[in-house]
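Please model the entire structure based on the sequences and the hints provided.
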Amino acid sequence: MTSDNQMKLEADVRKVRSADQIRTYLKHVFGDTNDLVVVSIRVGPYEGLLCYLSTMTSSDFMMNNIIRPISLYRMEREEKPAAEVVEELREQYFGGLTGELLFGLDELSNRLTVGNAALFVHHAEALLILDVKSLNSRSVEEPSTQTVVRGPKEGFTESAQTNMSLIRRRLLNDKLRFERHTVGTQSGTSVYLVYIEGGIDAEVLRKARARLSRSKAAGLFDSGSLEEMLRPRTFSLFPTVYSSERPDAICALLLENKMAIIVDGSPFVLAVPAVMNDFFKSPEDHYQWFAFGTFSRLLRYVSFLFSLFIPSLYVAVSTYHQELIPTVLLTNIAAQREGVPFPAVIEIMLMEVTFEIIREAGTRMPRVVGQAISIVGALVLGQAAVEAGIVSNILVIVVALTAISGFVAPVYTFGTNVRLLKFGIIMLASIFGLYGVILSASFLLIHLVRLESFGYPYLSPFAPFIKTGQKDAFIRWPFSIPGKPSMGKGSEGGSDE
Amino acid sequence: MNKRIQRPLLMFLLLSLMGPITGCWDLIELNNTTLITGIAMEPGHNGKIKLTLETLNASEATQKGGKGTSPSVVQSIEGSTTAEAVNQLNQSIDRTMLISHVGIIVFDEKLARTGLSKYLDPLQRSRYIREDVTILISHNTAASNILKVLYPRGEYSSLKIREQVRSYEKGWGGIAASRLFDLTQALLVDGREPMIGAVTLNGDPKRSEDTESIKSLAPKALVNLSGMAVFRGDKLLGFLTRDESRMVIMARNELHGTTLSVPVEEQGKFAAIRLLRVRPKMQVTLDNGKPDIRLTVDGEGLIYSIEKKEHLGEVSGYLNLEKQASDYVQQQLAATIQSVQQKFGVDIFGFGEYMYRRHYKEYSLVADEWNELFARTPVKVEARITLLRSELKTDQLKKEEIGP
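Chains as they are written, first to last, in the numbering used here: chain H, 34 to 530; chain S, 623 to 1026.
Think of the hints as simulated: they come from the structure by calculation, not from any bench. Possibly wrong hints are sitting among the right ones.
When the alpha-carbon atoms are kept at most 30 Å apart in a straight line, the in silico DSBU-like pairs for lysine-lysine are as follows [stated by the list, open to error]:
#: 1; chain 1: S; residue 1: K965; chain 2: S; residue 2: K1002
#: 2; chain 1: S; residue 1: K930; chain 2: S; residue 2: K857
#: 3; chain 1: H; residue 1: K166; chain 2: H; residue 2: K208
#: 4; chain 1: H; residue 1: K240; chain 2: S; residue 2: K625
#: 5; chain 1: S; residue 1: K857; chain 2: S; residue 2: K931
#: 6; chain 1: S; residue 1: K625; chain 2: H; residue 2: K249
Just some of the chain H residues that point at chain S, by a computed CB distance under 7 Å [as the list claims (entries may be wrong)]:
#: 7; residue: T88
#: 8; residue: E175
#: 9; residue: E236
#: 10; residue: Y353
#: 11; residue: Q355
#: 12; residue: T364
#: 13; residue: A367
#: 14; residue: A433
#: 15; residue: G448
No residue lacks a Cβ here, since even glycine has one placed at the ideal position from N, Cα and C.
As structure tokens, this is what we get:
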């Protein structure tokens, strides 16, 4: 298109004049896209033009809510100015749909892409914009991660509307707010900040808004990508953003004065600020008898330590500190190591990497061939490797215990990230022995103490110690309902921004 | 350079500096090493020390078992010092040694008579040797023979002896806990001389070395615990019998429980009393340099068996039995103390320690001659045994008589 034409068009779009002008404009913006529908339609005595994107709505919806009311209007014809016709249509015929008037064309393309329809009536000088978005989405199903035995079985879906309603119906509270933002220069994905007015820390809200507006990403297809934008700049393997498929978990966090973030198109809803303790909580803790809730929570902490330190402790103790193992056990280990050709560290790395391959394959491979994994994994790599004398029996136990412990964390991302740390600790243990293990534990502790999520210390309520927070930390106190704020505010301007 | 890169880079460089500081050269792979599980020391030729080490054959020593070869390899070596001899062992054995799991250390009685100090020093000094390693003295046999006796349960001899000492100490009390730690303590403490458990060999050591020997129902040789060895300082004086050892241990308040056979009035008949709790109480005073030593033992026990007809349904039956048990313990204790005084003339009971702790000033005057003082002083012993119950039966079972 020549610059002459361009200028003419730009001058044109500020005012709506004719159907032809609209047609030219749409042709210019959308080109030849197949899903653009521009149809002439008679509105009462006037010629009209209806345009929308067929991919953002359904023909059923259009028929019932737009075409039929317009045709009904034609029946009771009466001479009226066009502007009045449009007004009448908006008020009486499209009552349920939010309709607004657009006097220029420059906004039109944006409106069409988010699922609106535009109705133009000759001589009216305004476009009637109608929300006709009607998309198919998955129905509410049981979440595939964070499963519970007892508790609600509803999970978030890909539709932000559904997700918001899942939250709203649990919190019948007039202070609940959904705040819409758009992220993605190309995708224009809707992102909703969810919080309870009055409870939420204004600072958290400000930071979240700032980070969303700072984002220059072209597209956003899952909350996972957003999570990365929300994380602090300091490198950390520990997630500082909570994510869950469970509305009840998110609602509990909202009551703790945290903020949830819904990304349209992702069934995983985020919550910030997230402290370490949040990743060890399962909503089920509160639906069960407190003693068992406490037990399983302690179990999670223990298995977190297991998954981090068991392999490195094995390496350190069996290659440097044999005096720490009871004689009879050492005899057993020594007997099994007899004839294993590799040093302990190579042996354990071999098996850990093998396990990671099995895990990765199990995640990626088509469901139909899933059975092969268990056969190859358990029989060939486990049993046969021991019988062939490549690895020792005790090592298979160590690797299996580590692997199983790694999956105990209720939030999957927590377990996966921490898994990487394990390899570093094994290497340190193989070079320095127990000293290396203690060293890495100290590094880890220092790192965790320094880490902050939106200004809140990652280790609260343990460090800083907050007495009220202890009721829902290591111990799930009886009668403690979910949703009591349990974090302490950290130092101003920490590692966060 | 960019600040953002600078810090992590510096961190990395500092961390990599730690690499050469410590580490890998202490690395020991389990499949290149063997555990030393037992050490026996005896005099060698030309004033050297002969060290016999039991090294583990790990795959045979586990319960799953291997090819049926012996669970341990016993090798002797001579050296001027213990440490040198241990490190020289690879003359005849393939792998590097791990000494941290040594379970028992047996000293030959000949060696012990010359003084243990110089042999204990490397043990106490080493950070690898645990303080709870069991120390024993071989009695009437060479120390090395003790390690050469196999046992049918697939155990190597040191593990078997260790378990044996522990069980015997708990069940009958014929041997005191004689760990390295106890020995060190006894050597340092004032007013109590050390005692170490004694082992002896019953049977033919030549035949017991063979793995075939443990395939028979009755092992050809067995290591026996024969009581305690009595020391003055670090020098061996002699041995106590098992019965004497038990009484000494009772007086020292180290008894976990024992079973007494108390003679009753009728000739040749006994009542078995299981002692559960024994609380000895010492009382020592010095009067013008003349010690007055009293020992009171309170005990509680159960009746395990009675060979004569005693009516336990009545209080008098219990009282009668209690009296006999008390008399028996009193008489045994007195005899043991007397025998120790006459045979060895050293205070292994800790009467001096009692003085040292409670009447330090008075004791310090006689500390040097305490053993002699003790040997001359008659000890007044008293025992009070209380019987709690008589297991499941009150009286012996007997048939009711028929008829009016």
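Comparing the hints with the structure gives:
1. Restraint check for K965 of chain S and K1002 of chain S: satisfied, since their Cα atoms lie roughly 19 Å apart, inside the 30 Å limit.
2. Restraint check for K930 of chain S and K857 of chain S: not satisfied, since their Cα atoms lie roughly 47 Å apart, outside the 30 Å limit.
3. Taken as a hint, the K166 of chain H and K208 of chain H pair is honoured in the structure, with Cα atoms around 27 Å apart against an allowance of 30 Å.
4. Between the alpha carbons of K240 of chain H and K625 of chain S the distance comes to roughly 25 Å, so the proposed pair stays at or under 30 Å and holds.
5. About 50 Å separates the Cα atoms of K857 of chain S and K931 of chain S, which puts this hinted pair outside 30 Å; it is violated.
6. Pair hint K625 of chain S plus K249 of chain H holds up; C-alpha atoms about 24 Å apart against a cutoff of 30 Å.
7. The beta carbon of T88 of chain H is not positioned within 7 Å of any beta carbon in chain S (closest approach about 44 Å), and the interface hint is therefore violated.
8. Taking 7 Å as the C-beta cut-off, the interface hint given for E175 of chain H is violated, the closest approach to chain S being about 44 Å.
9. Violation of the interface hint for E236 of chain H is found here, the shortest Cβ-Cβ separation to chain S being roughly 26 Å, above the 7 Å cut-off.
10. Among the interface hints, the one on Y353 of chain H holds; its C-beta lies about 6 Å from the nearest C-beta in chain S, closer than the 7 Å criterion.
11. This hint holds: Q355 of chain H has a C-beta 6 Å from the nearest C-beta of chain S, less than the 7 Å allowed.
12. The restraint placing T364 of chain H at the interface with chain S holds, with a minimum CB-CB distance near 5 Å, inside the 7 Å limit.
13. Against a cut-off of 7 Å between C-beta atoms, the interface hint on A367 of chain H holds, since the closest Cβ of chain S lies about 4 Å away.
14. With a cut of 7 Å, the hint placing A433 of chain H at the interface with chain S is violated, because the nearest CB-to-CB distance is about 20 Å.
15. Look at G448 of chain H: its Cβ only gets to about 26 Å from chain S, farther than 7 Å, so that hint breaks.
Hints 2, 5, 7, 8, 9, 14 and 15 from the list above are not met by this structure, while the remaining hints are.
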